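Visitor: So the chains spell out like this:
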Amino acid sequence: MTAPARPGAFREGTGVRNGTGVRGRRKALAVAGALLLAVVTALLAGQPSSAANRTAAAVEPLGVPFLPSPYPLRVTIDSMVAVSLTVDKGVTIRLSDGTTRVTNKYTFTKLQIRSHMNVTQRADGHTLTIDVPNEGSLGGYDSAGRPETTTMWGNITNVCVRVLLKICGVQGLLDFFGSLIPLTAGAEDFAGDIYAIRTVDDHAALDSTDNPVHLPGTITVTTP
Amino acid sequence: MNPPDTPRRDPRPSPRPDSGRDPNPSPGPDSCPDSRPSPRPDFPPEGRTHWRRSLAVAVPALLAAGGIGSAMATGALAVGLQVQDQPVDFTTSSLYGTQYAAAVVDQPTVRPDGTAGSVRVLRMGFADGVLNGLCLSRRQQIAGATYTLLLTLGDDNPGSWEIRTRNTVLDLRNATGVLDMDGVVDLNVNGADVRTVKDAGGAFVPNPLGAPQHRFGIQARYAKFDRITGTAQDFQIPGLLTTPRLKLSVKPGSVPCPPPAAPTGTPGTP
Numbered sequence: 001m002t003a004p005a006r007p008g009a010f011r012e013g014t015g016v017r018n019g020t021g022v023r024g025r026r027k028a029l030a031v032a033g034a035l036l037l038a039v040v041t042a043l044l045a046g047q048p049s050s051a052a053n054r055t056a057a058a059v060e061p062l063g064v065p066f067l068p069s070p071y072p073l074r075v076t077i078d079s080m081v082a083v084s085l086t087v088d089k090g091v092t093i094r095l096s097d098g099t100t101r102v103t104n105k106y107t108f109t110k111l112q113i114r115s116h117m118n119v120t121q122r123a124d125g126h127t128l129t130i131d132v133p134n135e136g137s138l139g140g141y142d143s144a145g146r147p148e149t150t151t152m153w154g155n156i157t158n159v160c161v162r163v164l165l166k167i168c169g170v171q172g173l174l175d176f177f178g179s180l181i182p183l184t185a186g187a188e189d190f191a192g193d194i195y196a197i198r199t200v201d202d203h204a205a206l207d208s209t210d211n212p213v214h215l216p217g218t219i220t221v222t223t224p
Numbered sequence: 001m002n003p004p005d006t007p008r009r010d011p012r013p014s015p016r017p018d019s020g021r022d023p024n025p026s027p028g029p030d031s032c033p034d035s036r037p038s039p040r041p042d043f044p045p046e047g048r049t050h051w052r053r054s055l056a057v058a059v060p061a062l063l064a065a066g067g068i069g070s071a072m073a074t075g076a077l078a079v080g081l082q083v084q085d086q087p088v089d090f091t092t093s094s095l096y097g098t099q100y101a102a103a104v105v106d107q108p109t110v111r112p113d114g115t116a117g118s119v120r121v122l123r124m125g126f127a128d129g130v131l132n133g134l135c136l137s138r139r140q141q142i143a144g145a146t147y148t149l150l151l152t153l154g155d156d157n158p159g160s161w162e163i164r165t166r167n168t169v170l171d172l173r174n175a176t177g178v179l180d181m182d183g184v185v186d187l188n189v190n191g192a193d194v195r196t197v198k199d200a201g202g203a204f205v206p207n208p209l210g211a212p213q214h215r216f217g218i219q220a221r222y223a224k225f226d227r228i229t230g231t232a233q234d235f236q237i238p239g240l241l242t243t244p245r246l247k248l249s250v251k252p253g254s255v256p257c258p259p260p261a262a263p264t265g266t267p268g269t270p
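Line order of the protein sequences matches chains A and W.
Once you know that position 137 of the first sequence is 137 in my numbering, the rest is easy, because the numbers rise by one and skip nothing.
Once you know that position 94 of the second sequence is 94 in my numbering, the rest is easy, because the numbers rise by one and skip nothing.
These aren't lab readings, by the way, just hints derived from the structure by calculation.
Bear in mind the structure is a predicted one, so any value in this text is a computation, not a measurement.
Glycine included, each C-beta is placed from N, C-alpha and C at the ideal position.
It is possible that some hints are incorrect.
[Unchecked claim] Simulated DEER-style distance windows between Cβ atoms:
| no. | chain 1 | residue 1 | chain 2 | residue 2 | range |
| --- | --- | --- | --- | --- | --- |
| 1 | W | ASP156 | A | VAL102 | 52 to 58 angstroms |
| 2 | A | TYR141 | W | PRO212 | 36 to 42 angstroms |
| 3 | W | ARG138 | A | ASP88 | 48 to 54 angstroms |
Next comes chain A alone, as it looks inside the complex:
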């Protein structure tokens, strides 16, 4: 007795598939196509989308080595001293929300706090405060003896210098001169809206004690 042909099997003696075999081939093609589509989809899923690329490109740091928070720091220093100050005007910086600001870049060398520094950030929902009541530092000498640098991006809204007399509101003069300004005589009543601060010690070490940032004080986060 001849066994019935299995679906998809060659007809004996003809070498031609029957109708069920054609359907099986189509099914196999459909399965292979679906698998191929799944593989392609999986490969593409691992790639960042063009929208993501646009977003990432939009928040690349600009003007500052990192992306600062869009809420500036209100920095006040009652008395300070620095070896020098350099002002770069009209610097465009990008904030973490993607917006840009045209502001100034202030580079201090060996910035020391003689008395009372307060850093306050008022953001949506909280206030962060760093308060140093007495002496402190935002830059000193590194272990090689070179003065460390402190860079601020923002606007100084007030600063006073003492040349025989205390002269205030000279921030415009600082911005005007723009080049190297000695502050070895010190400055007082410093106030500024600062988006970012970076201090650099090129010779930092684990056991280093001459840290550029030395803030004896209090850090507080308060929620209204």
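Place chain W on chain A using the hints.
Guide: Relative to the frame of chain A, chain W by itself:
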């Protein structure tokens, strides 16, 4: 329900086949030589202590327990400290670490009425750090009376950073002391962009502090906080309870941690 073609089995326990067993067993070392033979020599009488089996179970268990204790003692097995839900006061002589970062984050809390809320805190993270003593103080109302749970760790030597930690996270409401940072120090970094703690493979965890976008952040290569007195909303210090001289006490009334001593020397390589 059994399939119709499955034979129904007797639910009573059936004797196991005596495969490979000596049909005439010799008396074991724990059997009495003149005892009468059991009516069923293949199955020992109930109530007998199976010393070999007991030892087979007990020895590995004892070894495992000893190993765990040894690992804890040597710090190989981390036992972490986690304090959550309520603020806790703390002091430390010094906290020093590398790959320091901080960011303002929202810490979930439960209000007294049971509803969920949140507070904003400054979350600090150290990839690798050392502590020079630590004291935690938490007040608790019990039956109308105030008690203080005091936990202290470390020795009394201000020159030794005896507590080593990794991937430490603290949520601070406030802290007073001396904050030193070194290397490249960035202030007001977008909190979600900081890099500090690492995953098991040693790679930096993206947004390790869980900060929402556009929050204040700090990034520094090294950080050292001396004579810190503060209030933390949350502590997560893996491996902390393996430290020497762990003391836990409950004292009546409101008892603060003693003022932290000034550290001496430098912590060296953590």
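Visitor: If a hint holds in the structure, say so; if it doesn't, say that too.
Guide: We went through each hint and held it up to the structure:
1. Distance hint for ASP156(W) and VAL102(A): a CB-CB separation of about 56 angstroms, consistent with the stated range 52 to 58 angstroms.
2. Distance hint check: the CB atoms of TYR141(A) and PRO212(W) are about 38 angstroms apart, consistent with the given range 36 to 42 angstroms.
3. Evaluation of the 48 to 54 angstroms hint for ARG138(W) and ASP88(A) yields a pass: the beta carbon distance comes to about 50 angstroms.
Going through the hint list in order, the structure satisfies each hint without exception.
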